[in-house]
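Protein chains in written order, with this note's numbering: chain A, 1 to 233; chain B, 1 to 219.
These are calculated hints, taken from the structure and not from any lab test. Be aware that one or more of the hints could be misleading.
In the DSS-like style, the derived pairs of lysine-lysine whose C-alpha atoms are separated by at most 25 Å in a straight line are [what the hints assert, rightly or not]:
#	chain 1	residue 1	chain 2	residue 2
1	A	Lys161	B	Lys78
2	A	Lys134	A	Lys161
3	A	Lys89	B	Lys121
4	A	Lys134	B	Lys124
5	A	Lys74	B	Lys148
6	A	Lys75	B	Lys121
7	A	Lys161	A	Lys89
8	A	Lys43	A	Lys218
9	A	Lys161	A	Lys74
10	A	Lys161	A	Lys186
11	B	Lys202	A	Lys89
12	A	Lys48	B	Lys121
13	A	Lys89	A	Lys75
14	A	Lys75	B	Lys206
15	B	Lys148	B	Lys206
16	B	Lys78	B	Lys121
17	B	Lys124	A	Lys223
18	A	Lys89	A	Lys46
19	A	Lys74	B	Lys121
20	A	Lys186	A	Lys43
21	A	Lys134	A	Lys89
22	A	Lys186	A	Lys218
23	A	Lys44	A	Lys75
24	A	Lys218	A	Lys75
25	A	Lys43	A	Lys89
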Amino acid sequence: MAGFNKVVHSYEDAMAGLQDGMTVIAGGFGLCGIPEGLIAQIKKMKTKDLTVVSNNCGVDGFGLGILLEDRQIKKMVASYVGENALFEKQLLSGELEVELTPQGTLAEKMRAGGAGIPAFFTATGYGTPVAEGKETREIDGRHYVLEPAITGDFAIVRAWKADRYGNLVFRHTSMNFNPMAATAGKITVAEVEEIVEPGELEPSQIHTPGIYVQRVIKGNFEKRIERRMVRQG
Amino acid sequence: MALSREQVAMRVAQELQDGYYVNLGIGIPTLVANYVPAGIEVMLQSENGLLGMGPYPTEDEIDADMINAGKETVTAIKGAAIFSSAESFAMIRGGHVDLTVLGAFEVDQNGNIASWMIPGKLVKGMGGAMDLVAGAQNIVVTMTHADKYGNSKLLTDCTLPLTGVGCVKKIVTDLAVLEVRNGAFHLLERAPGISVEEIQQKTAGKLVIEGDIPEMVFN
């Protein structure tokens, strides 16, 4: 990988350096916008004791859910984990630790982590179990909770288009957590649908500037739909 | 008679005003979108990063990259905007969303809400609910007035772990419309055929009844 060519051609190269006990931040909302091939690579590597930070933990047999099968996740930081029988089982048996975090706070923790802000005050969660043990402060008559930022050893994201500089564009609502996750990894790996030539992406329309991205790999995505709703048209 | 789910949604829809940005939670709140009054335009915000949520797609329109916060396939209306989760919650936390409608297990007379966790049962997570109740300008809660055993869900103090404190402004139940202010539930309207006495009996928290309480009107 010389200069600004961040494209890698194998999943082994894409996830090289991932070790037991690391923190991995993953983009995606439900099964929408998840880096399917990078998750599969983590499963293949059998890396253990991972802390995974993502809004959800996939479903049984797909997405981050597959990392539960061989108990690779030690701790999950998420806002909602209700879609997964194996998750419930491991949580109840004490094999898996979960830190439930309000969705907006989770997004902001990633954003802050990537932006060099160590913590921030938010009204979200004040007076609830989320605020227990955390510093609170009254500012202009309202109560706020101090929430620490999150950074990861790795961030894995899914994008629509990338160039070799690592500039990313996301498609529709598959953007979700991906842009913040991308900023918060020491090594950020983007699995993308298409790699285009530099200049093809309009500079002012780039969602994630390449400075945040260390590796880019072209993936093939199943794009499973979690709740297929249709109207008669 | 107690209102149906659809009737609760119809009554909540009367709270919508022209030009409102609205976030609708899962369940009855989602149905509110079906009853937007004629002649007004509202923009639906979905917290996974969509402002201008449209109806479900036709078979031809289905796109795995286009979902709502309930993880359902959805469409965007003309004039919609799509953005990241951080941007989405900046809108919510920053008070830019005019109205949030969500369900709850319990609400109390001080506007506290419990909607995400029942101790002893498996906890699935709060999703965006804590951010929504902390951020929206106006919060309407929809729920049944009492549980299936007849126990009131409108309490002096919530018994379950909270989602947010002092944030609920209005409640639409299957029996009544109530406003929460000054440490009490204020009865505004009754469901057709429901007596003030029944509402009183099923409200455990402090209930203020001033003058004649009108029945809800459905067009």
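Q) Hint by hint, which ones does the structure fall short of? A) Numbers 2, 5, 7, 9, 11, 12, 14, 16, 21 and 24 - these are the hints that the structure violates, sorted from lowest upward.
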